[in-house]
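The sequence shown begins at 504 in this note's numbering and counts up by one.
Careful: at least some of the hints might be erroneous.
So the derived label-pair ranges between C-beta atoms look like this [claimed, not checked]: (1) Asp805 / Lys714: 28 to 36 Å; (2) His643 / Asp805: 25 to 33 Å; (3) Gln672 / Asp805: 37 to 45 Å; (4) Thr819 / Lys792: 40 to 48 Å; (5) Asn614 / Asn646: 44 to 52 Å; (6) Val823 / Met535: 46 to 54 Å; (7) Asp558 / Asp805: 43 to 51 Å; (8) Glu763 / Ile626: 33 to 41 Å; (9) Glu703 / Asn646: 16 to 24 Å; (10) Asp558 / Glu584: 26 to 34 Å; (11) Arg820 / Thr559: 48 to 56 Å; (12) Asn646 / Ile534: 43 to 51 Å.
Taking lysine-lysine pairs in the DSSO-like style, the calculated list, with each CA pair at most 30 Å apart, reads [said to hold, decoys possible]: (13) Lys753 / Lys802; (14) Lys551 / Lys751; (15) Lys670 / Lys802; (16) Lys577 / Lys751; (17) Lys817 / Lys551; (18) Lys652 / Lys577; (19) Lys714 / Lys817; (20) Lys775 / Lys546; (21) Lys670 / Lys786; (22) Lys775 / Lys652; (23) Lys707 / Lys761; (24) Lys802 / Lys652; (25) Lys775 / Lys792; (26) Lys577 / Lys797; (27) Lys788 / Lys775; (28) Lys751 / Lys788; (29) Lys753 / Lys797; (30) Lys817 / Lys707; (31) Lys802 / Lys751; (32) Lys577 / Lys546; (33) Lys596 / Lys577; (34) Lys802 / Lys786; (35) Lys751 / Lys817; (36) Lys714 / Lys546; (37) Lys670 / Lys788.
For the record, the hints were derived by calculation from the structure and aren't laboratory data. Remember, predicted model here, so these are calculated numbers, not experimental data. Beta carbons are placed, not taken as given, at the ideal position from N, Cα and C, and that holds for glycine.
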Amino acid sequence: MNYQIRKKIYVGYAPLMLHIQLLCFIRKKKIMGYSEYFPFGNKSVIVKFDCNECDTRVESEEIGIPSPNYSAEKSSDSHNENEGYAVCENCDKNFDVYVYAGYADGYAEINDIEDETIEIEEIPDELDDYYEEQIDAIIHSLNFITHFKAEISNLSSLNNIDLSNDKLQETLQRQLYSGAITCLEDYLSTTLIQQVLNNEENFKNFIRTFKNIQNRKFTLSEIYEKLDNIRDIVKKELVDVIYHDLPKVKGMYQDTLKIEFPDIEALMLAIKTRHDMVHRNGKNKEGEKIDISKDVVQKIIDEVEAFVTDIDEKITRAIVNTGFGT
Numbered sequence: 504m505n506y507q508i509r510k511k512i513y514v515g516y517a518p519l520m521l522h523i524q525l526l527c528f529i530r531k532k533k534i535m536g537y538s539e540y541f542p543f544g545n546k547s548v549i550v551k552f553d554c555n556e557c558d559t560r561v562e563s564e565e566i567g568i569p570s571p572n573y574s575a576e577k578s579s580d581s582h583n584e585n586e587g588y589a590v591c592e593n594c595d596k597n598f599d600v601y602v603y604a605g606y607a608d609g610y611a612e613i614n615d616i617e618d619e620t621i622e623i624e625e626i627p628d629e630l631d632d633y634y635e636e637q638i639d640a641i642i643h644s645l646n647f648i649t650h651f652k653a654e655i656s657n658l659s660s661l662n663n664i665d666l667s668n669d670k671l672q673e674t675l676q677r678q679l680y681s682g683a684i685t686c687l688e689d690y691l692s693t694t695l696i697q698q699v700l701n702n703e704e705n706f707k708n709f710i711r712t713f714k715n716i717q718n719r720k721f722t723l724s725e726i727y728e729k730l731d732n733i734r735d736i737v738k739k740e741l742v743d744v745i746y747h748d749l750p751k752v753k754g755m756y757q758d759t760l761k762i763e764f765p766d767i768e769a770l771m772l773a774i775k776t777r778h779d780m781v782h783r784n785g786k787n788k789e790g791e792k793i794d795i796s797k798d799v800v801q802k803i804i805d806e807v808e809a810f811v812t813d814i815d816e817k818i819t820r821a822i823v824n825t826g827f828g829t
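Please work from the sequences and hints to get the whole structure.
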């Protein structure tokens, strides 16, 4: 939409006064702020962001997390929406806030807000069975590096299959591409959770360095209660991490396990591509179709395998050197 703005500029040179009228055409570009959250085990969210009019920090109302469409065949089709609102206390600007949840992820969107200013506070359900089940399964997961290698090998084998239907071939290659990123997320989450919960030194490092725990404020009367529940707090924080947020996870591995990640640039681009495939119906931000060929799929499979192998070897050396294992 074009908005015509008339500006009058007066330039005075006594006794002469020039009256200049400028016609300016400005195209107002509409942006949609986006941020992910963890829907499972939570009942609602509060979305916080900077007002685009006055830069005041804004908080939405508490917005209930919708139930996903579990009958959808694809995760990208499983998102349901709840709409909430927020009002800037400084300039009274109103914002519509959209909260989505699918059976694989959750995210929020706000018109005209930059992604980097958005923060989502998750309000947990009173029931925490989900966390206990997830943690229990992970803690008792044995030989997960072997499981990872088997899954990556299976993805490579499937990538060699030639289907007679081009549309099915495209679907297969998209799923394999996404599957490689999922394998990466699974390894990173399982490894970090096991290393933190099964090693006292790593557990202490996590408490000392993880900002979500560092920033918690307790009254004196709450301290003993929180100390009793600190392990449960750590479990929830570990499960809630979005493990494809590689810059954040890289910092957690460094601070908690003293493990340096290899370069993450190529994988960050791959994660962005997967995001566009899932949330933009196979197109990039410019509306162009994303081409996922067999070579592209094999490249991301190889990159994920090399990345995980590097990390796992460093963790194995650390365990040998310190004498602590999981």
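Hint check:
1. Distance hint check for Asp805 and Lys714: the Cβ-Cβ separation is about 33 Å, which falls inside the suggested range of 28 to 36 Å.
2. Checking the proposed 25 to 33 Å range against His643 and Asp805 shows it holds: the Cβ atoms sit about 30 Å from each other.
3. The beta-carbon spacing between Gln672 and Asp805, approximately 20 Å, falls outside the hinted interval of 37 to 45 Å.
4. In this structure, Thr819 and Lys792 meet the distance hint of 40 to 48 Å, their C-beta atoms being roughly 42 Å apart.
5. Between Asn614 and Asn646 the C-beta distance comes to about 47 Å, which sits within the given range of 44 to 52 Å.
6. Range check, Val823 to Met535: about 49 Å between beta-carbon atoms, so the 46 to 54 Å window is met.
7. Checking the proposed 43 to 51 Å range against Asp558 and Asp805 shows it holds: the Cβ atoms sit about 44 Å from each other.
8. A hinted range of 33 to 41 Å holds for the C-beta pair Glu763 and Ile626, which are about 35 Å apart.
9. Restraint check, Glu703 to Asn646: a C-beta distance of roughly 23 Å satisfies the suggested window 16 to 24 Å.
10. Taken as a hint, the range 26 to 34 Å holds for the pair Asp558 and Glu584, whose Cβ atoms sit roughly 28 Å apart.
11. As the Cβ distance of Arg820 to Thr559 is approximately 49 Å, the hint placing it in 48 to 56 Å holds.
12. Checking the proposed 43 to 51 Å range against Asn646 and Ile534 shows it holds: the Cβ atoms sit about 46 Å from each other.
13. Distance check on the hinted pair: Lys753 and Lys802 sit about 22 Å apart at the alpha-carbon level, within 30 Å; holds.
14. Using a Cα cut-off of 30 Å, the hinted pair Lys551 and Lys751 holds, with the two alpha carbons roughly 19 Å apart.
15. Restraint check for Lys670 and Lys802: the C-alpha separation of about 21 Å stays at or below 30 Å, so the hint holds.
16. This hinted pair checks out: Lys577 and Lys751 have alpha carbons roughly 28 Å apart, not beyond 30 Å.
17. A threshold of 30 Å between alpha carbons decides the hint, and for Lys817 with Lys551 the separation of about 38 Å lies outside it, so the pair is violated.
18. Restraint check for Lys652 and Lys577: the C-alpha separation of about 25 Å stays at or below 30 Å, so the hint holds.
19. Taking the CA atoms of Lys714 and Lys817, the gap is near 24 Å; set against the 30 Å cutoff, the hint holds.
20. For the suggested pair Lys775 and Lys546, the alpha carbons sit about 28 Å apart, so the restraint of at most 30 Å is met.
21. Straight-line distance between C-alpha atoms of Lys670 and Lys786 comes to about 15 Å, which keeps the hinted pair within the 30 Å bound.
22. Using a Cα cut-off of 30 Å, the hinted pair Lys775 and Lys652 holds, with the two alpha carbons roughly 23 Å apart.
23. Only pairs whose Cα atoms come within 30 Å are accepted, and Lys707 paired with Lys761 is accepted, the gap being roughly 13 Å.
24. A hinted pair counts as satisfied when its Cα atoms are at most 30 Å apart, and Lys802 with Lys652 qualifies at roughly 16 Å.
25. Annotation: proposed proximity of Lys775 to Lys792 holds, straight-line Cα distance about 14 Å (limit 30 Å).
26. As the CA atoms of Lys577 and Lys797 are separated by approximately 21 Å, the hinted pair is consistent with the 30 Å bound.
27. Distance check on the hinted pair: Lys788 and Lys775 sit about 10 Å apart at the alpha-carbon level, within 30 Å; holds.
28. Between Lys751 and Lys788 the alpha-carbon distance is near 23 Å, which keeps this suggested pair within the 30 Å criterion.
29. Distance check on the hinted pair: Lys753 and Lys797 sit about 29 Å apart at the alpha-carbon level, within 30 Å; holds.
30. Note on Lys817 and Lys707: the hinted pairing holds, with a Cα-Cα distance of about 20 Å set against a maximum of 30 Å.
31. Only pairs whose Cα atoms come within 30 Å are accepted, and Lys802 paired with Lys751 is accepted, the gap being roughly 24 Å.
32. Of the supplied pair hints, the one linking Lys577 and Lys546 holds, its CA atoms being roughly 23 Å apart against a limit of 30 Å.
33. Note on Lys596 and Lys577: the hinted pairing is violated, with a Cα-Cα distance of about 37 Å set against a maximum of 30 Å.
34. For the given pair, Lys802 sits about 20 Å from Lys786 by alpha-carbon distance, which is consistent with the 30 Å threshold.
35. Under the criterion of a C-alpha separation no larger than 30 Å, the hint pairing Lys751 with Lys817 is consistent with the structure, at around 19 Å.
36. A hinted pair counts as satisfied when its Cα atoms are at most 30 Å apart, and Lys714 with Lys546 qualifies at roughly 23 Å.
37. With a CA separation close to 22 Å, the supplied pair Lys670 and Lys788 stays within the 30 Å bound.
Hint compliance for this structure: hints 3, 17, 33 are broken, all remaining hints hold.
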